[in-house]
Amino acid sequence: MEGSDALLAARLAAGDDRALAEAFDQLASSVYGGALRVLGNGSAAHDVVQDVFVELWSHPDRYDPAAGSLRTYLIVLARHRAVDVLRSELRRVARQERHYRLTPAEPPGAASDEVVAAETASVVRAAVQLLPDGQRRVVELAYFEGLTCREVANAMGIPEGTAKSRLRLAMAKLEAVLDRQLLESS
Amino acid sequence: MSAADRDQAALPAGLRERVMAASLTARAAGQPVPAVPEISGDEAFARAADAFDGLLGELSGEGWKTQALRGLDVQGLVGHLTGVEEDTQRALGGDPEVADAGHVESTQGAAIRQAGRSPALTRDEWRRAADRTLELARAAGRDPAAGGSARLAMHGITLPLDDLLVVRAFELWVHDNDIRRAVGLPPSVPDPPVLHLMSDLAARMLPYAAARLGLRPVDVHLVLTGPGGGTWDVAIGRGAGGRAADPGPEGVAIVADAVGFCLLAGNRVTPAELGPHITGDESRAVSVLAATPALALD
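Protein sequence lines, in the order shown, are assigned to chains A and B.
Using the working numbering, the first residue of the first sequence is number 1, and each one after it goes up by one.
Using the working numbering, the first residue of the second sequence is number 187, and each one after it goes up by one.
Since the hints were derived computationally from the structure, they do not count as laboratory data.
Just so we're clear, the structure is a prediction, and the values are computed from it rather than from any experiment.
By construction, the Cβ of each residue, glycine as well, lies at the ideal position given by its N, Cα and C atoms.
Check before you lean on any hint, since a few could be wrong.
Far from chain B, by Cβ distances over 10 Å, these chain A residues were calculated [said to hold, decoys possible]: (1) A14; (2) R18; (3) S29; (4) R87.
Computed footprint of chain A on chain B; a stretch qualifies when at least three of its residues, placed anywhere within it, have a C-beta under 8 Å from a C-beta of chain A [stated by the list, open to error]: (5) 199-206; (6) 210-223; (7) 448-459.
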């Protein structure tokens, strides 16, 4: 498999669009499955699949066949992209919550967007609740209250460096928790 | 059921088309990555001449006397190249007699006259001839009357000036490796911009090479891998130099190393030594590969 992956990568680098089609036919369902595990909804997973294959085609030299199979590389890429989508969704949900708190009478957006957003937002909120108290509070203050790291540190009476490291740890755990939750629910 | 199987999910309709379209918008088919800087034919020739001159500077006195090709020692082979430069200059000067002159016969005098000379004199004569070719070619390229697109005929082939200079770079590289093989030096590889021009020329010349051997029409999807490679769709047997818009199911796909393919075009490796990956009718692909060196100059 590694030999055929190396050949496929060399063909992609040479601009062989048939190699791209072959890579899609062989691996897209795995990439899609990987994205679905993290995101839970199809529409966002479609975008991740597109991003992953555009990335592979645009920068085939970033894949090193000696480091592992193309399947693994693409699934890991898909997972990273999906987590990026979740992170962005987390920020969006936090902004939305702050906004609704200030202007509760704001008219809702398109119905389908609301359904997708609500599904993801509920998953995100549930995941935040599973964090240890100190880390959960940092995430709530930073993302849901919109405080800076310095303000979070002041609010919690901890050094700014500690606030930053808790936020980093929280985000890493959040990704893992979200992944596990979505896997169990799928 | 494996983890990989568990992770697979049915793809929605239309996603494949959407992904292919987005990908090809981001990067056109046929374009290699990393991108190869474009250079002109005269730049390719200049680089090949510099590389060849560098090799000559490494040779020992014994190396110059080593048998290299067609009964010529290295010094005679360098003389042959001086003769080729002289004929190129005649072609640039509009001499019609060089159009059908034999590549070997016409230059044999220049090869033989090196006997008894010092290697330094042979090297100097070739270098000055190569520089003169470059000077005349650049002047011709600047000539508004010719528009830089003049077609030149020599040694049985007629090509635009830029392509002819790539042919000249090609021959210098091929003989560079003849000499390296003779004296036991490792082979050389042109830098990617030069190799890309050589690959492109070899791909574009395939219909002419195939016509010389009377091949049946076939569409070839040619993928040359490695730095300097690329992808070409070549229609063979549909008129001179035709490019296939869509090779379709009747065509063949050939994937090979770019350096190896250029060595094949230069008649220095066999199709079997090239070790291509073939998709489609294998016998027809093998015929195309067998025809690839048909235009090689020796």
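Hint-by-hint comparison with the structure:
With a cut of 10 Å on Cβ distances, A14 of chain A falls inside the contact zone with chain B, its closest approach being about 5 Å. Some Cβ of chain B comes within 10 Å of the Cβ of R18 of chain A; the nearest lies about 7 Å off, and the non-interface call is violated. Not every CB of chain B lies more than 10 Å from the CB of S29 of chain A, the least distance being 4 Å, so the non-interface label is violated. Every C-beta of chain B lies more than 10 Å from that of R87 of chain A, the closest at about 22 Å, which supports listing it as non-interface.
Restraint check on the stretch 199-206 of chain B versus chain A: 5 residues with Cβ-Cβ distances below 8 Å, three needed, restraint holds. Residue count for the stretch 210-223 of chain B with a Cβ under 8 Å from a Cβ of chain A: 10. That meets the three needed, and the coverage hint holds. For the stretch 448-459 of chain B, the stated coverage by chain A is violated: 0 residues have a C-beta nearer than 8 Å to a C-beta of that chain, whereas at least 3 were required.
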